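Undergrad: Under this note's numbering, the first residue of the sequence shown carries the number 80, and numbering increases by one thereafter.
Simulated from the structure, these hints should not be mistaken for lab results. Just so we're clear, the structure is a prediction, and the values are computed from it rather than from any experiment. Hints may be right or wrong, so weigh each one.
[Unchecked claim] Subject to a maximum C-alpha distance of 27 angstroms in a straight line, what follows is the list of computed BS3-like cross-link-like pairs (lysine-lysine):
hint, residue 1, residue 2
1, 282, 312
2, 184, 161
3, 282, 272
4, 260, 327
5, 92, 118
6, 272, 287
7, 96, 85
8, 90, 118
[Unchecked claim] Simulated restraints, written as ranges between beta carbons of each label pair:
hint, residue 1, residue 2, range
9, 160, 183, 33 to 41 angstroms
10, 170, 133, 44 to 52 angstroms
11, 147, 330, 42 to 50 angstroms
12, 184, 139, 33 to 41 angstroms
13, 174, 302, 43 to 51 angstroms
14, 96, 141, 47 to 55 angstroms
15, 266, 163, 57 to 65 angstroms
16, 302, 163, 39 to 47 angstroms
17, 369, 170, 44 to 52 angstroms
18, 114, 163, 57 to 65 angstroms
19, 168, 130, 40 to 48 angstroms
C-beta: ideal position from N, C-alpha, C; glycine also.
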Amino acid sequence: MKNILKDRIKKKKLKHKLTDKYRLVMLNEDTFEERFSLKLSRLNVFVLGSLFIIFLIVSTSILIAFTPIRYYIPGYSSAELKTQATNLVYKVDSLQNVIYLNDIKMEAMLPVIKGEDKASKFVEKVDSLVQRDRLLKKSEINLKPSKKDSIFRNDVETSDRFNVFNNASSNLDIVFFAPVKGYITSGYNPKEKHYAVDISLKKGTPIKAVADGTIIFSAWTAESEYVLIVEHKKGFTSVYKHNSVILKRQGDVVRAGQVIALSGSLGELSTGPHLHFELWSDGYPVNPTNYMAFE
80 MKNILKDRIK KKKLKHKLTD KYRLVMLNED TFEERFSLKL SRLNVFVLGS LFIIFLIVST
140 SILIAFTPIR YYIPGYSSAE LKTQATNLVY KVDSLQNVIY LNDIKMEAML PVIKGEDKAS
200 KFVEKVDSLV QRDRLLKKSE INLKPSKKDS IFRNDVETSD RFNVFNNASS NLDIVFFAPV
260 KGYITSGYNP KEKHYAVDIS LKKGTPIKAV ADGTIIFSAW TAESEYVLIV EHKKGFTSVY
320 KHNSVILKRQ GDVVRAGQVI ALSGSLGELS TGPHLHFELW SDGYPVNPTN YMAFE
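Using the sequences plus the hints, can you model the full thing?
TA: In structure tokens:
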């Protein structure tokens, strides 16, 4: 009982402390005239103080969130900085796409730069197919054409033979000019994997583009000195190796007969001043002498 009474007494005292009225008075120091008075209690002070603090926090948050003042807060990034960061992200993404496309293009051009024949892989696939076909019985294969096949073949051959417009247009689509005039010391020989013609020249002889096109490779290599690769229309690509000076950069557009390099004699595979010239069609090497005259 005593404990209960004590608790009740404490609660009453606390209630009185919170609700007891106090008077705040402002007086004139000289005349002691009352200027201002206010009745307060501890509870009123606590409630009003809490409301004031809440109002201050809310107003400050709104001021920071919806006004430019937030940009002056340490550690807060500005709108301009965010815009620059977003633009940089887009630029990086675009550069990654460009690098990816260039890697694909360079991978496709490696056989041309190294002088490899992409057709060899195709031949291996064909050989495997031929070996598989040999397993078939000869009796199961009928190679004799039918009457309809013979008639259709005759019509096609006759129409192609006298179709002057098609033949002329195919030849006039692209015309090649010799990159330089000179004596061919080593001709085109696929059996020895020499997919080019080597033309004997004096060092510093101007090398010209064989047709209109775009420089897709322009760099120095230990094996072939300065190398230029020009991409032409109709799937043709021309390669110029063993140059001492290159006059065009990757991405430059060149015209037929325009000087693009000067001949040299350095490089691990060089045997003297000459031009190593290759011509490729749709990724396969072709004999340049069938398209242009060098002498």
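Undergrad: With reference to the structure, classify each hint as holding or not holding.
TA: Going down the list of hints, with the structure as the test:
no.: 1; hint: 282 to 312; in the structure: 30 angstroms, violated
no.: 2; hint: 184 to 161; in the structure: 35 angstroms, violated
no.: 3; hint: 282 to 272; in the structure: 26 angstroms, holds
no.: 4; hint: 260 to 327; in the structure: 21 angstroms, holds
no.: 5; hint: 92 to 118; in the structure: 20 angstroms, holds
no.: 6; hint: 272 to 287; in the structure: 25 angstroms, holds
no.: 7; hint: 96 to 85; in the structure: 16 angstroms, holds
no.: 8; hint: 90 to 118; in the structure: 23 angstroms, holds
no.: 9; hint: 160 to 183: 33 to 41 angstroms; in the structure: 35 angstroms, holds
no.: 10; hint: 170 to 133: 44 to 52 angstroms; in the structure: 46 angstroms, holds
no.: 11; hint: 147 to 330: 42 to 50 angstroms; in the structure: 45 angstroms, holds
no.: 12; hint: 184 to 139: 33 to 41 angstroms; in the structure: 58 angstroms, violated
no.: 13; hint: 174 to 302: 43 to 51 angstroms; in the structure: 30 angstroms, violated
no.: 14; hint: 96 to 141: 47 to 55 angstroms; in the structure: 36 angstroms, violated
no.: 15; hint: 266 to 163: 57 to 65 angstroms; in the structure: 59 angstroms, holds
no.: 16; hint: 302 to 163: 39 to 47 angstroms; in the structure: 45 angstroms, holds
no.: 17; hint: 369 to 170: 44 to 52 angstroms; in the structure: 46 angstroms, holds
no.: 18; hint: 114 to 163: 57 to 65 angstroms; in the structure: 59 angstroms, holds
no.: 19; hint: 168 to 130: 40 to 48 angstroms; in the structure: 46 angstroms, holds
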